[in-house]
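Here's the letter readout for the chains.
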Amino acid sequence: MKNFAIFTIFFVFTLLFFEIYLRFTEIILPSYVYDNKELGRTHKPSAQVNLIEAEGFYMGEINYLGYTGPAYPKEKNKDAIRIALIGDSYIEGFQLFERHHFRGYLESGLSKSLNKKIEVLNFGIGGVDLRGMYLIYLKKVMDYNPDIVLFFVKKDDLVNKDVLPTPEAYLDKGEINFNSDFLNNQDAKLRQKFAFVRDYSIGNLFKEVFEVYHTGLLFNKILDKLSFNTPLNESKKPVDYNENKDMFFQLNKEILKELNSKDNTMYHPIIVKVNDFPLYYEELLDSFNIIQFPLKQELGKYSLQDLTYWKASKKLGHWNHYAHKIVGKYLKEEIITFVNKISSTD
Amino acid sequence: MQFNSFIFLFFITLVSVLYYLVPPKLRNYLLLLSNYLFYFYFDFVFAMLLFVLTSITYFLGNKINDSTDHGKKRNLVVFAVVINILALAFFKYFNFFTESFISLLNLLGFNNNLFTLKILLPLGISFYIFQTLSYILDIYYETLEVKSNFVEYAVFASFFPTIVAGPIERASRLLPQIKSQKEFKLNNIKEGTYLIIIGLFRKVLIGDACGKIVNHIFADPQYYSSIEVFTAVILYTFQIYNDFAGYSSMARGVAKLLGFDIFINFRQPYFATSVADFWRRWHISLSLWLKDYLFVPLQMKYRRYRMWGNIIAMMITFTLCGFWHGASWTFIFWGFLHGFYMSFALLSVKQKQYFKKLMPNKKSLTILQAAITFFLITFAWIFFRAENFSNAFLIIEKLFEFSTGEFAFRFIKILFMYLSVSFLLDYMEYKWDTDIILLKLKPPVRYAISVAILFIVFAYLITSDKAPFIYAQF
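Chains as they are written, first to last, in our numbering: chain A, -6 to 339; chain B, 3 to 476.
Treat each hint with caution, since some may be false.
Said to hold, decoys possible - Distance windows between CB atoms, simulated: (1) B:LEU51 - A:LYS182: 25 to 31 Å; (2) A:PHE(-3) - B:LEU426: 54 to 60 Å; (3) A:ALA47 - B:ASN151: 45 to 51 Å; (4) A:LEU9 - B:PHE346: 54 to 60 Å; (5) B:ILE121 - A:GLU204: 58 to 64 Å; (6) B:ASN108 - A:TYR206: 52 to 58 Å; (7) A:ARG92 - B:ILE121: 38 to 44 Å.
Since the hints were derived computationally from the structure, they do not count as laboratory data. Note that beta-carbon positions come from the ideal geometry of N, C-alpha and C, so glycine has one too.
Bound conformation, chain A alone (with noise of 0.2 Å):
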């Protein structure tokens, strides 16, 4: 008996030591995710965050106000151009510091050539869809008085990417409309029920392995050569394009609409184009005038090689170092172009 309770004594002070050391080594922090009702995954604020990654490495935090980069508050500076970014995990840019984020060169960029106070925020997000990106928008975007808001789309986004627990976007009688079922199923019940697990180092770890062993996984890691499984690599679900074709296109006509008609002189909604898209979507954004960058253009003026080589791991995979200079440079130059335009109709 008293063997027993040293070994538990021991067993809690090593644990505890563990923590300290997951922690202050960062080699995983508590999560800097959790499920909001209104938006599904978000980033938690003030969450430290550091992701060393096969392809890079990102340290930094979320502000205080649940994004990433500088916090500026909700209420804008009169003279200040502020502009919004939303998109996936290239938008969110987990892979390089903070400082070398297009984000930065963006800002830093115009603020010199416009000779104004210029505050780019970013709300980018990995996992999102074009659905998901209109639900921030509307849900934390607006609140922050944009100018302009950048909406980074890929062929992906426009399909059902189902990666995040997300709420469900649907049409009732042509409007868009969000529910929060996604909160209601099994998993998510799982997921709140032990969701202050993941506020600890150890507890996320092992929130990982619950992940690995939920996606039918953990068998692979353990019998490595031997397994029969799929390998992890292959493992990943492709994208079907053609999987509920019709019902996406319908709500993504819907969200551009909406989007249209923001087009005032309130806010300026611009799709970014990523790469190409199905043609009976750009006959869709023709139709609608709503304003694109084709930074697709741009990108493909340089090899996959110059934009998402990590030298690190040699291997292909978001953009790198390079590519978000030349990204930050592009939408530089586009947006001045835009900005002037408003200006002079003004």
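Using the hints provided, position chain B relative to the given structure of chain A.
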């Protein structure tokens, strides 16, 4: 199969159980089978190379042993050494020599389209060739007392606990153990298990974790501030130590489970008070090998030059030591730098004595010496880790930029934690004079700590990609 994988833990459990279950006379056969299964898991073709080299060396070893003619003996030794070195040179250095030759021709203005081959490096070749060379040389110098049969020798040459990255065992130490009848001892299982746990902790939670930061900063130092690059340089110093010490501890543990006692490869190297002292504590099996088979013969050869003879022998030994680590000019320079440090120490003995007199406090003197040694070793590691000279110089240039960056505090905090834990482990090893530090704790305490370590290590292994051992790439 890597030591830090679940499949290896299953493998070693199975082998250990079977080893004590089979009749003693069959144990070496089982061990040989296990060695080759272990190697097959990495690469089938190179297992053949291992077998061929083993057979040739054994045959030549017997011939040397049986020969009474000194001249014939010498010729056979030279032949055996040349064959092994040629194998090493072909598989490890062919790319290096052809690429260096092409670069030289380009530098001289000759455009060429020389034929090049991309040769893969067989796992552990540097280690098992040095091990087989020790067998040949021990027979020649008549320091090997036992005579072994082919199976015993093949077990020695392919011994799976040491084949990936050492320790480089001597035939005179390992062969008698292979020949002896081993009984099951609970103490061996205990010691082996604790060594594996400590090794896993060092490798996975210090070495691999440090390595993640190091890899990114060394790949693109231009994007990082001086503090960040400084952190990466120091973290690499601890990554390579804990990675290799972790591996060596696991190798000792695995061997212990099977009743073998192999070299302790590290003795708190960063507590060293001079570079010479560092080499008495770092990769001890390699240091001793180089001393016995290279430095001492060279020293004898150049003894007529007195101190300068020592310096020549030292510079050759360390430069070759660098070359042994990797087929690249940065490794050669790393070895040369160590040779230079040691030679400089030899040349400045008088000055050193003078400075010692200026600092009467022995403790502060020791701390100062350890700090200087640590600085010199760390500086040399930059060349060891960098992909090429321009990368190394960029890192050094970055260090002297004296920029802090917005995350200086976080980087210092990370560095502090890794250093504290690594030093604490070393301090306990030093204080208790053992590398099986968990055994010094009371049973319920060590069980609790061991279970907690395994709990975290396994979780980490499941959630991250397993990193290869650094020395396994040499």
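Evaluated hints:
no.: 1; hint: B:LEU51 - A:LYS182: 25 to 31 Å; in the structure: violated, 57 Å
no.: 2; hint: A:PHE(-3) - B:LEU426: 54 to 60 Å; in the structure: violated, 27 Å
no.: 3; hint: A:ALA47 - B:ASN151: 45 to 51 Å; in the structure: holds, 48 Å
no.: 4; hint: A:LEU9 - B:PHE346: 54 to 60 Å; in the structure: violated, 47 Å
no.: 5; hint: B:ILE121 - A:GLU204: 58 to 64 Å; in the structure: violated, 40 Å
no.: 6; hint: B:ASN108 - A:TYR206: 52 to 58 Å; in the structure: holds, 54 Å
no.: 7; hint: A:ARG92 - B:ILE121: 38 to 44 Å; in the structure: holds, 42 Å
Comparing the model with each numbered hint stated earlier shows that hints 1, 2, 4 and 5 do not hold.
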